[in-house]
Amino acid sequence: MNDESDGALVRRTCSGEPRAFEALVRRHEKTVFNAALRMLHDREEARDVVQTVFLKVYEHLGEYDPSHKFYSWIYRIALNESIKSLQRRKPTAALDFETPDGTPGPESAFDQRQLSDGMAAAIMSLRTEYRAVIVLRHFMDCSYEDMAAILELPEKTVKSRLFSARQLLKTAMETRGWASE
Amino acid sequence: MTSQDTTLELINAEIDGVLTGPQRAELNRLLLADPSVRALRDGLTRTCRTLDEMPRAEIPAGLHEAIVTGWPVAAPKSHGYRRAAFTGRPLLRYAAALAAACWSVRWPSSSANSTQRSSAPGSLLARSPMPRMPRRE
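As given, the protein sequences belong to chains R and D, one line each in that order.
Counting in this note's numbering, the first sequence runs from 1 upward without gaps.
Counting in this note's numbering, the second sequence runs from 182 upward without gaps.
FYI, nobody ran anything at the bench for these hints, they're computed from the structure.
A virtual CB, placed ideally from N, CA and C, is assigned to each residue, including glycine.
Where hints are given, some of them may not hold.
[To be verified] Away from chain R, derived, C-beta distances all over 10 Å, residues of chain D: (1) T183; (2) S184; (3) L200; (4) G202; (5) P203; (6) R205; (7) E207; (8) L213; (9) A214.
[Said to hold, decoys possible] Simulated DEER-style distance windows between Cβ atoms: (10) Q87/R <-> A282/D: 45 to 51 Å; (11) Q114/R <-> S217/D: 23 to 29 Å; (12) G198/D <-> A8/R: 36 to 42 Å; (13) R89/R <-> N209/D: 44 to 50 Å; (14) Q114/R <-> A280/D: 55 to 61 Å.
[Stated by the list, open to error] If you want the footprint, here are the derived chain R segments under chain D, 3+ residues with CB under 8 Å: (15) 31 to 39; (16) 44 to 56; (17) 114 to 122; (18) 148 to 155; (19) 164 to 170.
Between the sequences and the hints, there should be enough to build the whole structure, so can you do that?
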């Protein structure tokens, strides 16, 4: 079942084989979770988003157009649900950028974790549209073409947005004391 | 397109692995000619490397199970080739028929408990008739 294409699994799900949908979930759940986590910086919210995404995918599977890539469709739903979740947040809700536990590991691991935490905070400082392109490119491995299809924007706009987002992240990291090499 | 736009496009194309031969030559020329282009390229490359090396989180324990037990029993609607999961499961079909039969037998005598059940908001039971108060002698 693992070698089957997404399209084949969708057809089998629609024919009444729940196990085929479980295979689709297993294939995409980690990517969707990580994307939601990077969009929201909150594990519980990301967890809720993932559940909502797959429920919506299941309910609307019949509307899926097989001429498009299945993962593009899922990723679009995941981004939309993450954005909805962000909009539901109270304006005063503060984001916690602390590390999950305060125990430092070996020096290099600690540096790496500090770097990752700093970058996670920098990602959260971006406007939603910039964050979305960073998540699609760097956490969902989407091509420019995929990103354009998911965001329903011209490829040129997507590239321009991605390049700007990267520059903003670079500046944010430098502001946080990230020295140039 | 300004020269800065061109420079940015070339650097990002290099980062994304889509730089063509002529673009590579142009980028090399810019890098040799201008230290600020080198600094920009180094900074963006490092930014993207850091993004790509950020650890990917494992999904929380129980999430997969919560997803796969959370969807409805019926198969999703599709374009003609769907076979409803419910009708494809005889056991469920018989169980539902049995439950319906039991319910229809039980319903006439169930009004005695309806006060308690009718308080359930949003349920069909909320529409059950109110119990009759016993007459005072």
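Status of each hint after checking the structure:
Separation of T183/D from chain R is adequate, the least Cβ-Cβ distance of about 13 Å exceeding the 10 Å criterion. Listed as a non-interface residue, S184/D keeps its Cβ farther than 10 Å from every Cβ of chain R; the least gap is roughly 15 Å. L200/D, annotated as away from the interface, keeps every beta carbon of chain R farther than 10 Å; the closest lies near 13 Å. Every CB of chain R lies more than 10 Å from the CB of G202/D, the least distance being 19 Å, so the non-interface label holds.
Distance check on P203/D: its Cβ is at least 18 Å (rounded) from any Cβ of chain R, clearing the 10 Å threshold; non-interface status holds. Against chain R, the non-interface label of R205/D holds: every CB pair exceeds 10 Å, the least being about 18 Å. Annotated as non-interface, E207/D keeps its C-beta farther than 10 Å from every C-beta of chain R; the closest such distance is 17 Å. Chain R leaves L213/D outside its interface by the beta-carbon criterion, the shortest separation being 19 Å against a cut-off of 10 Å.
No Cβ of chain R approaches the Cβ of A214/D within 10 Å, the least distance being about 19 Å, so the stated non-interface status holds. Between Q87/R and A282/D the beta carbons are some 47 Å apart, a value that agrees with the proposed interval 45 to 51 Å. At roughly 28 Å, the beta-carbon separation of Q114/R and S217/D lies within the given 23 to 29 Å, and the hint holds. At roughly 30 Å, the beta-carbon separation of G198/D and A8/R lies outside the given 36 to 42 Å, and the hint is violated.
Judged by the Cβ atoms, the range 44 to 50 Å given for R89/R and N209/D holds: they are separated by roughly 46 Å. A hinted range of 55 to 61 Å holds for the C-beta pair Q114/R and A280/D, which are about 58 Å apart. Remark: the segment 31 to 39 of chain R is confirmed as covered by chain D, as 3 of its residues place a Cβ nearer than 8 Å to a Cβ of that chain, reaching the required three. Against chain D, the segment 44 to 56 of chain R contributes 5 residues with a C-beta closer than 8 Å to a partner C-beta. That satisfies the three-residue criterion, and the hint holds.
A count of 4 residues in the segment 114 to 122 of chain R with a Cβ less than 8 Å from any Cβ of chain D is obtained; the coverage claim is therefore met, three being the minimum. Counting residues of the segment 148 to 155 of chain R whose beta carbon lies closer than 8 Å to any beta carbon of chain D gives 0, which falls below the threshold of three, so the coverage claim is violated. Evaluation of the coverage hint for the segment 164 to 170 of chain R: fulfilled, as 4 residues show C-beta separations to chain D shorter than 8 Å, against a requirement of three.
The structure shown violates the earlier hints numbered 12, 18.
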